[in-house]
Amino acid sequence: MAAPGPADPPPASLLAVENLHVRLERGGRTRPILDGVSLALARREVLALVGEAGSGKSVLARAIVNAVPPPLRVAAGRVLFEGKDVLALGERALKSVRGNRIGFIGANPMGSLDPRLAIGEQIVHKLRSVQPGLSRAEARERVLAMMARVALPSPAARFHEAPFQFSGGMMQRVMIVDALVSEPALVIADNITQPLDVTVAAQIIRLIDSLRESLGTAFLFISSSLPVVAQIAERALVLQEGRVVEEGRVAAIAAAPREAYTRMLVARIPPIWKGVAPLPKVEGAPVLEVANAVRTYVVRRRGTFNAKNQVKAVRDVSFAVRAGENFGLVGESGCGKSTLTRLLAWLERPDGGRIAFLGRDLAALGAAEFKAMRRTFQLLLQDPYGSLPANMPVQRMIEEPLRIHGHGSADAARLAQAAMAEVGLEPELATSLPVGLSAGQRQRINIARALVLKPRLLILDETLSALDQVEQAELLELFLRLQAEHGFSYIFISHDLALVRRVCHRIAVMYLGRIVELADNATLFEAPRHPYTRALLSAMPTLEANRFPREEYLLDGEPPSPIDLPRGCAFRSRCPRAAADCAATDPRLAPFADGNAAACLHPHGGDAPARTPEAADGR
Amino acid sequence: MFVLSFLLRRLAQGVLIILLVIFIIFTLLRVVPGDPARLIVGGMAPDAVVAEKAQELGLDRPIPVQFAAYLRDLVTGDFGRSFVRPKSGASFGGSAFDDQTRQERASVLDLILDTLPMTLQLAGVAIAMALAVALPLGTLGGLHPGRWPDKLALVIGSVFVSTPNFWLGIILTLFLSVKLKLLPAIGYRGFSYTLLPAIVLAVELVPFILRTLTVSVAQVMREDFIRLAPVRGLSRARTVLVHALGNSAVPLVNLLGVQLGMLLGGVVIVEFIFDYPGLGLLTINAVLQRDFPLIQGIAVFIAVMFVLINILVDLIAMSIDPRLEY
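Quick mapping for you: the protein sequence lines, in order, are chains A and B. When we follow my numbering, the leftmost residue of the first sequence carries the number 44, and every step to the right adds one. When we follow my numbering, the leftmost residue of the second sequence carries the number 111, and every step to the right adds one.
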C-alpha cells in the first residue's frame, strides 16, 4: 500500500497508456474521441498534455482511472499503472487505485466538493474510503498536516468551513490536499489553473512544483495552453482530435515545433516582449473623462441584527479616454473593474466624483438629453449566449436599438442590414433565430447592435474572453477595422494581459478599487513603476523568458477584503517594497515626468513622482 | 449569535405579516353584509334585544375602535368567544332568544386548540405516507432520468395530480370502508379514522414531492462534485445518499413547509367529506354560521402557524445548507 521508498529501484515507467481508443456511442452511431493514444510516464516525472478544447484530454484523464462516463466507452487499449491494467480491474481493486494511488485535481475547484459540507470532513471521508484501515483521528491528522503543507492559513479553523467560504485559489489548494493526502504515486491535474487569476495561478504552479519535489509524486499536467505547461513540465504531448501529434521536451516544442498543428499552436501565442512593435501615441480630444469616481456598497454584516459594512468597490478613480484610443483596464477578481464598468456604462451612478462624456457631465443631463447621449457609448458583454434574446430574429435584434432611438422601421431595417454586412454576418441570417450560432457569430450580432447607433466609445467587458483563439483574432481585426473607419474609442476591460499588450495604447491597472498604475503600453509592460504591475507581469505564463522573474516579483497570499482595507496603502500587506511610511500614507495616483502615473510611495524605476502624494486621512 | 439575530429579524417580520392579516380579515368581515348581533340572539328577538347585544359585544363602536380593542385582547391571549357555539359543543338550533344555553358561549381559543391536534395528526400522517411513496421513487427517477423509474414517477405524478380529492374520498370510502370494511370512514373514534382522509391527502401531496425530488436529484447528479466523486474514490452509495440527497433536501424541505401550512388551513374539503373533526371542519361551520370571532381567530391562528413554519423551515434549510445563512 505504501509508496516505494527511495531504496526501491524505480520501475522504468509508472504509467503506460497503450493504444487507447475511446468512442462516443449514441443512437447507433460511434465517433472516436481518443484514437490510439499511447504515452509513458516515469515516477516523479511531470508530463504535460496540451490540446485545445475538444481534443479529448479530459476524457484521457478519466480513462486513466477507468471512469469514462457513458455514452463514452473504452473500445480498446491498456492503461498499465504500477504494473496492473487499470481498465481490467474490478470495482474492489479499482478502489485502491482511484483517489488513492492516483489523485485528481480538476478545473473547477469551487464545484469539486459538496458545497454544503465542511471541506475537512469531506477529505477525511475520501481518505478513509480509499484507505479503510485508517482511523478517523489518523485521517484527520493527515488532512490537517497536508493542509498546512499547501499553506492554507489556519488549517484547524478552515477544516470546518464549507467550499463557499473559500476563494477560488484557496479552494484549489484544498483540492490539492484532497489529491495528495492519500500519498498517491500519480496526480492528474486537469486544467487546474484555468479559472484562476494570473497571480493565484502562478502561486498554485509554484506550490505544485515544490510539493512534487518533496513528495516524489508524478504529475500528468493537462492544459490547453503551452505557456502554462512550460512553467512546470519537462516533457509534453500535443493532442489533437484524439491523437498524439507531437511529443518531446517542452522547450524543444516551443522553439522548433515539428508538426504543422503544433507550429500553428506556437505561432498563435502572442509575444509579450520579444519583437513587439510599439503602438503609436494617440493624441485625440478626450471622449470620456472620469474624475475621482467613488462607489461604495453598503451590506448588512452577517450575524448581526442591523450592523452594516461598507464595501469600497471603486475608490477615487480618475482617467480619460481619447478619441480613437484603445484604453485597457486590467486587474484580478475583486479589484473593482466590474463595478467601474457599470459606472462607465451609467448602469449605476457613482457615489462621488464625475463621469463626463464628450465634455458633458452625465449626472447633469436630463432624461431626453441622456437618451440621445446614450447612443454614443455602448457596452459589450462577455457572455455571447446570455446577452441575446433567444426568440428574436437576428435582424430584428439589430433593429431594436434603432427603434428605441426613434428610427422608422424601413430606415432601421436598412441600417441593420448594412451593419450586418459590416461585421461579417451573412444576409441569410437576418430572419433566423440565434439558436445554433457560434459564440463568435453571436458576438458579431452584439457588435452590430452597438454599431448601428454610431457610437463614439465601445466598452468591451471581457467581450473576447469567451471565444477561442481563432474567433478572438478575427473579432479583434474587426474591432480595429471599425476603429479605422469610424474613429471609435475602445475600453478593453480584461484579465488577459497578452490581449491588452497587443491592442491597448494606454493601460490602467486596478487593485482593490483603485488605479495603481496608468501608463502607456511600452512603459507598463517594459518598465512598470508599481510593484503590483510587476507582480502581474511576473505571473504571466510565457514561452519567452519573463522580464520579471517570479522569485523577485511574484506576490504571496490573496488581496484583503474590500470591507477591511489595510490602513495607508491598501497594497502594503502584500507589497515586497512596503516600508514604514506605507502604513501611514495612502498614495494617490501621481504623474511622473513622462506623463505616466503610479500610486506608490516607493515606485520602481528611479525617478520620483512629480508631485508628492497627499497624506491620507488614515482611512 | 447568528441564529439569535436571524430569529429576531424573522419574528419581527412575522409580527408585521400577522398584523396585516388581522387587519385585512377584520375589515373584510365588517364590510360584508349580515348582523352578528341578530345572529346571536336569533331571528325572533325584538330589536331592543339585538341593540343591547350589539352594545354588549361592542359592535356599535366605530370600526377602528373595535379593531384596537380586538388587538388588545389578542395580545393578552383572548381570541374572544364564538357568537353561536355554546361550551357544550353543538351549535344552536332555532330556539328562542332567551334560551339559557345561549349564555355560555365557547372560547375561540378553546375551539381551535381542541381541533388543532386532530388536524396536526391528519397532516402528519398524510405527509409521512406521501414521503414513504415519493422519496424512494423520486430519488430513483432523478438518478435515472429518462429511464423507467423516471417514467413511472411521471405517470404516478400525472395520475395523482389529476385525481379530484372529493371523488377519490368517495371511491375509497366505498371500497375500503363499505365493501371491504378495512378502514372506518366517517367521524372520529380512534386513530384508524385518520387513515382514509390521510390517504386522500397523501395522493394530493405525492405529485409535488415526486416532481421536486426528481428534478433536484437529476440536477445535483449533473454537478461537477458528483461526477468527480468516483474519480476521488467515493462509493456510489455514499455519493447518492449523502451528497445527492443532501443537496436535494433543501427544495424538498421548502416544499413540505408550504404543504404543511396548506394542510393546517386548507384540508377543508377532505375533513368535510369524512366529517373529520379538525380545523377545516371548524372553519366551514364558522363561515356557514357567520361566526365572526371564530373566523377571525382561525385566520389569525393560521397566519401565526404559517409564519412559525416558515421560520422553522428556514432554520432547517440553513442547517442542511450553510450557504443559506445570510
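Just to be clear, a hint being listed does not mean it is correct.
Unchecked claim - Residues from chain A that face chain B, not an exhaustive set, calculated with beta carbons under 7 Å:
1. Val108
2. Ala110
3. Val111
4. Arg141
5. Asn143
6. Gly149
7. Ser155
8. Leu156
9. Ala191
10. Phe209
11. Tyr340
12. Gln353
What the hints assert, rightly or not - Going by beta-carbon spacing under 10 Å, a handful of chain A positions derived as facing chain B:
13. Lys138
14. Arg159
15. Leu177
16. Ala180
17. Arg201
18. Ala205
In short, the hints are calculated from the structure, not lab data. It should be emphasised that the depicted structure is a prediction, and the values quoted were computed from it without experimental measurement. Just so it is clear, CB atoms sit at the ideal spot from N, CA and C, and this is done for glycine as well.
We went through each hint and held it up to the structure:
1. Val108: holds (6 Å)
2. Ala110: holds (5 Å)
3. Val111: violated (10 Å)
4. Arg141: Holds, about 5 Å.
5. Asn143: Since chain B brings a Cβ to about 6 Å from Asn143/A, closer than 7 Å, the hint holds.
6. Gly149: holds (6 Å)
7. Ser155: holds (5 Å)
8. Leu156: holds (5 Å)
9. Ala191: Since the shortest Cβ distance to chain B is 21 Å, the answer is violated.
10. Phe209: It is violated, given that the least Cβ distance between Phe209/A and chain B is near 12 Å, above 7 Å.
11. Tyr340: violated (15 Å)
12. Gln353: Violated. Min distance 18 Å.
13. Lys138: Holds. Min distance 6 Å.
14. Arg159: holds (5 Å)
15. Leu177: Violated. Min distance 13 Å.
16. Ala180: violated (20 Å)
17. Arg201: violated (14 Å)
18. Ala205: This interface hint holds because 5 Å falls under the 10 Å limit.
Violated hints, listed in ascending order, are 3, 9, 10, 11, 12, 15, 16, 17; each of the other numbered hints is respected by the structure.
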